[in-house]
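S.K.: Those protein sequence lines, which keep their order, are chains W and Z.
Residue numbering for the first sequence is 3 to 158, as defined by this note's numbering.
Residue numbering for the second sequence is 2 to 389, as defined by this note's numbering.
Nothing false has been slipped in among the hints.
Okay, the calculated bits of chain Z under chain W, using three or more residues with CB under 8 Å as the criterion:
no., region
1, 32–41
2, 122–131
From the derived model, a few chain W residues whose C-beta atoms are all more than 10 Å from chain Z:
no., residue
3, 42
4, 43
5, 93
6, 99
7, 102
8, 122
9, 124
10, 131
11, 147
12, 154
Simulated restraints, written as ranges between beta carbons of each label pair:
no., chain 1, residue 1, chain 2, residue 2, range
13, W, 149, Z, 125, 26 to 34 Å
14, W, 149, Z, 146, 40 to 48 Å
15, W, 15, Z, 105, 43 to 51 Å
16, W, 22, Z, 201, 16 to 24 Å
17, Z, 103, W, 55, 32 to 40 Å
18, W, 23, Z, 323, 47 to 55 Å
19, Z, 308, W, 23, 41 to 49 Å
20, Z, 67, W, 142, 30 to 38 Å
21, W, 14, Z, 46, 57 to 65 Å
22, Z, 142, W, 14, 24 to 32 Å
23, Z, 140, W, 128, 58 to 66 Å
24, Z, 63, W, 11, 23 to 31 Å
25, Z, 57, W, 11, 29 to 37 Å
26, W, 77, Z, 201, 39 to 47 Å
Honestly, the hints are just simulated from the structure, not real lab data.
Backbone N, C-alpha and C fix where the C-beta goes; we use that ideal spot for every residue, glycine too.
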Amino acid sequence: MPLIERIQHLDEVRAWRGTIRLEGVYTAGVAGERWLRGLQEGKIYGTRCPRCRYTYVPARRFCERCLGALGEEAWVEVGPQGTLVAWTRVHVAPDGAPLASPRAIGLIRLDGADAVLVHELIGDREWESGIRVEAVFRAPPERVGSIRDLLGFRRL
Amino acid sequence: MAGRRVAIVGAGMTKFVRRALETGQELAWEAASKALESCEMTLDQIDAVVLGTAPDAFDGVHMKVEYLSPGAGAWGKPTIRGFVGGGTGVFAAIQGWYHIASGMFDTVLVVCEEKMSSCHPHPQAAFNYIFDSTLERPLGPNLLWIFALEMNAYMTKYGLTKRDVAMVAVKNKRNAADHPAAQLGDPNITVEDVLNSEVLAWPVQRLDVSPTSDGAVALVMAAEHIARRVTHQPVWVEGVGWSLDTQYWTNRDLSYPTYVEEAARKAYAMAGIKEPRKEIHIVEPYDPFDYKELHHLEGLLLADRGKAAELVALGIANRDGDLPVTPSGGLLGVGNPISAAGLMKVAELFWQLRGEAGKRQVPGRPRRGLAQAWGDLMQVGTVIILGV
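Okay, chain W solo, but in the shape it has when bound:
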């Protein structure tokens, strides 16, 4: 008989509990730092690979398709308007608890970009793929150079 059929409850056996305590302290990277500073200024940048004709958002320092460098000349402003590619409404938190108010999350292809950005959808609206949306930023004094400087996208 497999073990799992014999032990119905954890307290039937002597268990040793352990937690893995680690904290991650991350850097945004060379391209990431600049991209976040752009958000702080209310601008969304991409980097365009001229060889692959593909514009990355968030801006990347290299093209994953050819490994070419995406330097100064590759930086282009994209958006702030774009098209909703896909959306979902989230009703439960990761721990399974119901959310007091459901959140809408979308994939947005900003005008001028090939890559797609994930972010919040703002407003109690009906969402559908293909609609036009626009970036909504925090007020300038509240921006800190974070993905949250962008509140999300609203329906146009």
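Starting from the structure of chain W, add chain Z where the hints point.
M.R.: Okay, now just chain Z, sitting in the frame of chain W:
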């Protein structure tokens, strides 16, 4: 030699630093793009990717290879993760070899990356979870315990002094002063500096240990018919070997790395090497700790048991000695971004055997070199032999 002939045709690396602004992806990209540039190849000429990286916890990204893949040129290509802990760097090159030797692929990009600065308070914390959860963890063990117990057992068995061992750290950190990518090169370091450094767990002191580092290294490997077109100086993989010891770390031979000998014997047999001390001209053994370089030299059969320290004391292990050991500066000097450090040793052989090692160049046109790494739960030996 099993399978098709395989050569390394290009290599690139980032600087090894304590803390990089670059993301892990950006580090991987720097190394990968430099390796491709070094042999004037482009990503569309690469058939497959081997991505080596040590525990996910270091970068703080779960499924790290998938995360790193954009920087390693893996988009749209058959890609595999290499992972045998600290042994990964050399093992990734072995994986690159068998991808090509098997006939499956003609060209492989091998990339190893580590960004240990993400892991706080210290990457050591990730290692507290390698121990047995009910039998060892209640004792509050630390990874250093293993090394301190092993170093002490090794010194005791052969009557070695701390000074004998410290000379390895001095040699490697001085060698690293000539490496443009080094984190801890120091042309003026002395044995006294090592002996006066902070005691971590006796007999291990601060300068007996390699640092934690961020960095990446990449190689381009190719089948013979491609290699000969790409470069007039292919560096051939002549032998490989790897072997695992018991996970019960208390039960290993503390004074002798059997797993390294087993891996080395496989590699020597494949390379047709009968007398390694005469036929290996340059060696890059894994040196996360100074005593470990000595330990590994003995396991590689390049020194009698308990006698590796004499190679260092007599200058035989110097860059201009009869058996240059760790001319790169090693993990102790160049730095230790785990998997990238192992692959750096393979890259060092590539540069040395092509006469491209600059100020680090070993004189006398070395024709054959060996790189070795050590890892998993301090139990795996990985060995590669390169020749021109």
